[in-house]
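Participant: Line by line, the protein sequences are chains A and B. Per the numbering used here, residue 2 is the first one in the first sequence, and the count goes up by one each step. Per the numbering used here, residue 104 is the first one in the second sequence, and the count goes up by one each step.
Careful: at least some of the hints might be erroneous.
As the list claims (entries may be wrong) - If you only want the chain B side, here are some residues facing chain A, beta carbon under 8 Å, derived:
| id | residue |
| --- | --- |
| 1 | Arg-117 |
| 2 | Ser-271 |
| 3 | Leu-278 |
| 4 | Ile-282 |
| 5 | Tyr-285 |
| 6 | Met-286 |
| 7 | Gly-295 |
| 8 | Gln-296 |
| 9 | Glu-314 |
| 10 | Val-318 |
What the hints assert, rightly or not - Simulated crosslink set (DSSO-like; lysine-lysine; CA at most 30 Å straight-line):
| id | chain 1 | residue 1 | chain 2 | residue 2 |
| --- | --- | --- | --- | --- |
| 11 | A | Lys-174 | A | Lys-118 |
| 12 | A | Lys-118 | B | Lys-307 |
| 13 | A | Lys-174 | B | Lys-307 |
In short, the hints are calculated from the structure, not lab data. Values in this document were obtained by computation on a predicted structure and should not be read as measured data. C-beta: ideal position from N, C-alpha, C; glycine also.
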Amino acid sequence: MTGYQFDVAHMLAGGLVLVSFMLLYQDRMFALLNVFALHAVVLAASVAWQAYIQAAAHLYVPAAIALVLKAVIIPLALRRVVIQLGIHRNIETVVGIGPTMLVGIGLVGLSMVVMLKATGSSVDPLAREDLAFALSVVLLGLLMMVVRRNAVSQIVGFMSMENGLILAATGAKGMPLVVEISIAFSVLVAFIVIGVFLFRIRERFDSVDVQALDSFRGERR
Amino acid sequence: MTALSLAFSLEPVRAILLIPCLSALVLVLLPGYWIAARLNVAASLATFLFALNLLGQRPLPGGFLFVDDLNVVFVVLATFVGFTTSAFSASYIAHELESGRLTARYLRFYHAMYQTLMFAMNLALVANNIGLMWVAIELATLTTVAMVGIYRTHEALEAAWKYFILGSVGIALALFGTILVYMAARPVLGEGQDAMVWTALIEKSAGFSPELLNVAFIFLMLGYGTKVGLVPLHAWLPDAHAEGPTPISAVLSGLLLNVALYAVLRFKMLLATVPMAIAPGPLMVSMGLASVLFAAFMLFRRRDIKRMFAYSSIEHMGIVTFAFGMGGALANFAGLLHMTMHSLTKSAIFFAVGHIAQGKGTQRLAEIRGLTETHPVLGWGLVLGVIAIAGLPPLGMFMSEFLIVSSTFARAPVLAIVLVSGLLIALGALMLRLSEVAFGAPDGKIAPVQASYVPLYTHLALVLLAGVYLPAPLVAWFQSVARLLG
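Construct the complete structure from the given sequences, taking the supplied hints into account.
Facilitator: Dropping the structure here:
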């Protein structure tokens, strides 16, 4: 592997972490969806680059799925949902932006320490850094699901988490295709399920704020 | 006729996957609920019979499917409880249709989803590929999410949403762990399919990087542990059990938790073969104990009957995880026995609770009183079930709990004291509730229920039998599995 191939892969994976941070501080619904589309584009580029340097043609499939489904179709569909439900106001957060960013930095530091230590000598350097970046993206997605109250932004957090997993799966050289397709497929299924939920939630609550759900706890007197 | 002869020429492993898969397809198209419910029972029975076949003839492990001593226990148990639950479901669903809580369209969906769930669980159990197993558990999660939300009430939607979010986070963490296991195996087994196959992984595990496997196990334990319902990842479990249809609560408690535990056990076995890797035991022991204690205290303040038994499921999965975490032949044997007994008893309790809630028109504990007078057959069934689940003699769970506690006392007395106090607190809570529910002054609706008592009492009879007399072949079988678990 030549130096520039490594550098580009490194840059794209690092870019994904950066966009994950951008997701964390969005406070408008449409801006959030746009940044998520950017997240998916960076993922697609990163996966396509892996396909190129590993000479693994089958990896172009997850790249194409990321580009078409996650960068275009899902953001458009979610935009429709947002317009229909009239929730394009500010996003309510549980924790302020500042502390969230600090926690995010801490999580990235944690994943670097854990992964770089654990993958000492047995793994080639590219896969090693890919894994570290992927874990950062996963943890940042998790953080986003925790700090947002709104159902749509939780979905975005979940999907950015899945993007991190795909980064890890494609960075693991030669991992069987079965898994990649299943990941992409499960995203689709997950979206359908969520979509159904959203419609039901709208039908029943006229809101997609998850806090509205919390007031219907099963054990309230 | 040709279809029938084709079915009999099938290998049992393929059959337990194909039958649920095909019947799900048929059930989607079938309009009448009466025939659909019968077909659901027939398909589940056929799956169970083929699973029994696996006890005798073991096919050679293939690239995707395999059967060994460990997973055959889970497969037989899953298909048996799947079959009895489908029989219970047939009478339960008829009442739901009458009372208008579910429409015919939803029932079509419900039956198809039931068989899809059976397919996913069987696939997860016989998968010889860690990626395939992950896909199957994800499919099982998605189908149960859809089923939990089927009543479309506020509570059901909240439960399904919570389950979906927590379940998919768990599933995502498990996938990360799966990728790490592949990364650890790749230098030894080479790229591609082989590095994800269980049988190959176990054989060649000595050369894997222990550091990478350690990190992988943490992710797998957290990921699949969410699905097992271990504290602190249990938050989805009580809601999902309380708000979904009761047959689904029975299947969740009796089967799906076991399937996730099976995944954890497989990875534990893998780690045990790698020198220098961390011991998975302490992590499992501490999560198990935390679950027992937490659930025991939570049992006291419950107002909803299904929620109460959901917390009891957390407690028992904690006990089982604790036992497997302790390891050794005796604790593993007891863990396996306890898991089997819990599946049978808990699903029996949910069978009773489902009909009771239908008869009383409520799930609130305060409004259910004096069951042994108003609904004697169901009421006494519930009493027996609760006595069993609380671990009192002479039922099967007493024996398994006794074995776990006594083997722990011999090795780590402090842990045993904590475990026993958890068990006693849970016993107290359950007895307190039982006395009111079963023997209080009857009030509320006393209308008789159209109930099917056969699945309920079959399970209870098996649990009682296991408590009094365990057949020698069964003991030998479980002992060999316990040795396999290390």
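Participant: Taking the hints in turn, state whether each one holds.
Facilitator: Comparing the hints with the structure gives:
At a threshold of 8 Å, the smallest CB-CB gap from Arg-117(B) to chain A is about 18 Å, leaving the interface hint violated. The beta carbon of Ser-271(B) is positioned within 8 Å of a beta carbon in chain A (closest approach about 6 Å), and the interface hint is therefore held. Taking 8 Å as the C-beta cut-off, the interface hint given for Leu-278(B) holds, the closest approach to chain A being about 5 Å. The interface hint given for Ile-282(B) is met, as the beta carbon of that residue sits about 5 Å from the closest beta carbon of chain A, less than 8 Å.
Annotation: interface hint on Tyr-285(B) holds; nearest CB of chain A at approximately 6 Å, less than 8 Å. A cut of 8 Å between beta carbons decides the hint on Met-286(B): the least distance to chain A is about 5 Å, and the hint holds. With a cut of 8 Å, the hint placing Gly-295(B) at the interface with chain A holds, because the nearest CB-to-CB distance is about 5 Å. With a least beta-carbon distance of about 5 Å to chain A, the hint placing Gln-296(B) at the interface is held under the 8 Å criterion.
Interface restraint check for Glu-314(B): the shortest CB-CB distance to chain A comes to about 4 Å, inside 8 Å, so the restraint holds. Contact between Val-318(B) and chain A, as hinted, is supported at the beta carbon level, the nearest pair being about 4 Å apart and thus within 8 Å. Restraint check for Lys-174(A) and Lys-118(A): the C-alpha separation of about 20 Å stays at or below 30 Å, so the hint holds. At roughly 23 Å between alpha-carbon atoms, Lys-118(A) and Lys-307(B) fall within 30 Å of each other, so this suggested pair holds.
A distance of roughly 19 Å separates the Cα atoms of Lys-174(A) and Lys-307(B); the hinted pair therefore holds under the 30 Å criterion.
Checked against the numbered hints given earlier, this structure breaks only hint 1.
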